[in-house]
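Protein chains in written order, with this note's numbering: chain E, 1070 to 1429; chain B, 75 to 439.
These are computed hints drawn from the structure, not numbers from a lab. It is possible that part of the hints are untrue.
To spell it out: a stretch of chain E is covered by chain B in this simulated footprint if at least three of its residues, at any positions, have a beta carbon under 8 Å from a beta carbon of chain B; those stretches are [claimed, not checked]: (1) 1185-1194; (2) 1265-1274; (3) 1394-1405.
Glycine is no exception: its CB is placed at the ideal position from the N, C-alpha and C atoms.
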Amino acid sequence: MAYRRYAFIAVVVGVLVLVVALVGASQVPPLTIVASMAATTLAVATPLTLGALSGVFCERSGVVNLGIEGMMLAAAFSGWFGSIYASSILGFPPLPSLLLGVVIAVATGAALGLLLAALAVTFSVDQILAGTVINLLAVGLTGFFNRQLFFGPGSAFGGQVPHAPGVLPRLGVPLLADIPVVGPVFEQQPIAVAAVALVALTHLVLFRTRWGLRARAVGEHPRAAATVGIDVARVRYVNVVIGGAIAGLGGAYFTLESVPSFEPMMTNGRGFISLAAMIFGDWTPFGSWAAALVFGAAQAFQINLQLFRDQIPPSWSFLQQSSVVGLVPYLLTLLLLTGVIGKTTSPAADGLPYEREGRR
Amino acid sequence: MREKLIRRFEPLLLPALSVFTAMVLGGVLIAVAGGNPLEAYAGMLEGALGSPRAVSETLVWATPYILAGLSVSLALKGGLFNIGAEGQLALGALSAAWAGHWLPQLVGGGLPAALHVPVTLLFGALAGGLWAAVPGWIKARAGGHEVISTIMLNYVALNAVSFLLNGPMKDPEASNVLSRTPLIDESAWVPALVDGYRLHWGFPLALLAAALVGWALRRTTFGFEIRTAGQSPDAARYAGVRVSRTVIATMALSGAFAGLAGAIEVSALHHRHELGFSQGYGFDAIAIALLGKAHPGGTVLAALLFSVMRSGATRMQYLTQVPIDVISVIQALVLLFVAADALVRRIYRVRGSSERLVLTRGWGG
Chain E
1070 MAYRRYAFIA
1080 VVVGVLVLVV
1090 ALVGASQVPP
1100 LTIVASMAAT
1110 TLAVATPLTL
1120 GALSGVFCER
1130 SGVVNLGIEG
1140 MMLAAAFSGW
1150 FGSIYASSIL
1160 GFPPLPSLLL
1170 GVVIAVATGA
1180 ALGLLLAALA
1190 VTFSVDQILA
1200 GTVINLLAVG
1210 LTGFFNRQLF
1220 FGPGSAFGGQ
1230 VPHAPGVLPR
1240 LGVPLLADIP
1250 VVGPVFEQQP
1260 IAVAAVALVA
1270 LTHLVLFRTR
1280 WGLRARAVGE
1290 HPRAAATVGI
1300 DVARVRYVNV
1310 VIGGAIAGLG
1320 GAYFTLESVP
1330 SFEPMMTNGR
1340 GFISLAAMIF
1350 GDWTPFGSWA
1360 AALVFGAAQA
1370 FQINLQLFRD
1380 QIPPSWSFLQ
1390 QSSVVGLVPY
1400 LLTLLLLTGV
1410 IGKTTSPAAD
1420 GLPYEREGRR
Chain B
75 MREKLIRRFE
85 PLLLPALSVF
95 TAMVLGGVLI
105 AVAGGNPLEA
115 YAGMLEGALG
125 SPRAVSETLV
135 WATPYILAGL
145 SVSLALKGGL
155 FNIGAEGQLA
165 LGALSAAWAG
175 HWLPQLVGGG
185 LPAALHVPVT
195 LLFGALAGGL
205 WAAVPGWIKA
215 RAGGHEVIST
225 IMLNYVALNA
235 VSFLLNGPMK
245 DPEASNVLSR
255 TPLIDESAWV
265 PALVDGYRLH
275 WGFPLALLAA
285 ALVGWALRRT
295 TFGFEIRTAG
305 QSPDAARYAG
315 VRVSRTVIAT
325 MALSGAFAGL
335 AGAIEVSALH
345 HRHELGFSQG
355 YGFDAIAIAL
365 LGKAHPGGTV
375 LAALLFSVMR
385 SGATRMQYLT
395 QVPIDVISVI
405 QALVLLFVAA
415 DALVRRIYRV
425 RGSSERLVLT
435 RGWGG
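Please take these sequences and the hints and turn them into a complete structure.
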């Protein structure tokens, strides 16, 4: 089944790249366009990759994380605020301010992960509901603090949003970045690079370490795991907090790496799409990454097509409307859910609260 | 005696304690923001209930809240978590706008109000229902979880609506930045309930809908099928309920209420579909349904409470300079405490045995 899904991924990405290359071919060499598509895809897939990894960590230990969207949104705001505070009030230079922002974003994600773990593990709250609570809380709190901290009475900023210290700089992979034409693919910003590294790291932790084995055991059969002396609650707490921290890093992408500003609801469903990517990727880090790249490619398609807007024939001009091509990731997800692209299997105990005295 | 009283009023006690706790925490937030919590809440009440006009506005808010809350509640009764009310509501509104403006042109000439109003509302309900049937079908056929599919369909709906409002259905007289349909025909307007106030006939209609849902759930075969399929699909199957069909029908009916909420907003208030007219009704509806324990009467009470908060928020902000978003925080906290009733029980030392709200059993469905 997995092959069918990866073949599907390859076809989708191939078609998207081909269309952009065809449209832009008369202006720019096709290879340059393909390289530019690849570079954009890698970059815009970053929050999706991190969100999906967050989901993998949580769900492999048996906790559904529907709160990724809220974790990202809250982290995007807190990281942004932290970096602005550091640069304009504390007088830090841009780079340290941004890095501090990243740290704050990750901490915010971890804190919300702790809340999710407390609700799901300690209070046995329905996990879908717990995630929804986190999402609504994040929308409310970011809206509140966004207004209060900048415009409220006694705000340190005196009623106007100060300039952000920019975005994280690009890093070139030595040698690879110097290759002509395809070089840009290897010039990425730090969170994008970290996301790729975390894919490999998550794979190693989950499938090559004692901790990973235990976490997976807890996600598949908590009672059996408890019988051999594994502390189910502790494993779930740790994994969900790690998952929250990774989602927080994904949130940092929005305000510290992509654009130097915050807007209410700016995560725009990316957290939910990353859950779909995780399901698509069969709860594996590399599979999730591949799926995140498809959704990223759909977005990169739209961005790159904008560059050649003059050459699009008038009858196809609706492709320029962000509301049209913006549908692609959502429609792909729905197609996935209908089972057309192959069924997936979740960890057996995913979403089920574990009760020591219970029957399971 | 105390134990007995608590048991009698438990269905009300825990939500009330949840709301109270959320208000206290919200009060802390208000204080941190430099406002006086009591003053803020008093301002909220004054803004929501202080004058006939304020009450009218509060009930205007309550109308979509009740209908969208019923939508989520009905799905919950059937064991389905419909997060897609926002999208269903938007499509219902769009479809009503179409029926209000373009349908008469299509059939040639105007329609009498006695026909045009119900047709417009019906179109809204139908659009919401069909849209919600899709995740029902996905769930019944492939087991794809409705939470993910309804969220995805929200984004599809909102993008599609935005495309249509900027293109084919755009008001030709609107400027570039305005995304809205033309005004609907006057024959499609739901009339005001009291002259000179915005309160309209949609409000009693919403109350009627709640009564109808309550009756149907308890007294009809279909209601029985929804409830058994929700509590235990296996038992329902054993009892001869065709569960797949019930799942699709429940979702469709749920979506129809959300669509109707959107249609009434268009037909009774705005008289056109404007981008962003829904102030997150569909999302608030989730909290409302859960606070009302998915019970139609409880949903109406929760909807009234939420509309008091929303309707009084502007006055509160005006009087105390506390950002209006504090209301969203309080509503999220209400949901938090309703969800984690074990936490509320621990705080207030209330023992009890009300059944836990079970929405899902993992992704497998």
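Each hint, compared with the structure:
no., hint, in the structure
1, 1185-1194, "holds (count 4)"
2, 1265-1274, "violated (count 0)"
3, 1394-1405, "holds (count 7)"
Violated hints amount to a single one, hint 2; each of the other numbered hints is respected by the structure.
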